[in-house]
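Note that the sequence shown covers residues -29 to -1, 1 to 189 in mature numbering (1 follows the signal peptide of the UniProt record, and there is no 0).
The hints are simulated quantities; they were obtained by calculation from the structure and are not laboratory data. One thing to keep in mind: the hints can contain errors.
Claimed, not checked - Straight-line C-alpha distance at most 25 Å; calculated SDA-like pairs for lysine to any residue:
#1 K105 - K163
#2 K158 - Y94
#3 K162 - N151
#4 K38 - T73
#5 K165 - N42
#6 K64 - D22
#7 K163 - R174
#8 K181 - K75
#9 K163 - Y94
#10 K165 - T92
#11 K64 - N42
#12 K63 - A102
#13 K165 - S154
#14 K45 - S78
#15 K64 - K162
#16 K75 - T92
#17 K163 - H175
#18 K105 - S185
#19 K165 - T73
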Amino acid sequence: MIKNFKKRMSVLILTVLVMSTSLISPIYASENYGIEKIEGQDYSISEDGNDAVTINSKDGIERVSVKEDDNTRKVTIYNNTTGEEEYLILNKKDGSIYSSITNKTLSSDEQNPIISPRSDTSYSTVYISWAEFKTTIGTTATVGGVVGLILTRVPGGQVVGSVIGTISTIVGGGTLLIPNDSSHGLKFTIKKVKHYRSRLGKRHVWYISKSIVSVSRY
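Generate coordinates for the entire structure from the input sequences, incorporating the hints supplied.
Okay, here's the thing in structure tokens:
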């Protein structure tokens, strides 16, 4: 059971890194990430070019997509195999997250903070506790469901290859059941860089790139 959980969590983190490139940084071209083989199990993770990726795993074929406006960020998880559709909605005004999976709303007070200093190159740390996972996606989860929560909470970016190498240490000793533990979970370090260009003698922000530079348990 522990080995099976490690496989699913490995795919989860890999998928988050893949999705972060397309969903948050549209300046990058679409790619098909093909088959990722993790600990003997094949998973297909592909980008469809419309702010979404498709995950083909033992949970079925799941499409995870993001729609965002000034007030909300909505992450939809659609299972092509079963026809079931669930979603998570972040309210940008009060920071709460509504989950159709559990029919619960997670207030900002129940979420761990995002710590972010100010500079042209800055780093932020995002903590997602196991209790937050459990409240929003239930006691157990599909790969798509967990990816959906992370995309709701974590600003993504470019893939940093070294992060994938830490996957095996992140999920050591886990189980398939998500514990109701608010003191432990996953920690993401995000690097944000503002890129400038000059126009008429003035410097303007051209675009902002974001990279997940580390993922670990806490």
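Legend entry - Structure versus earlier hints - violations, ascending order: 1, 3, 8, 13, 16, 19
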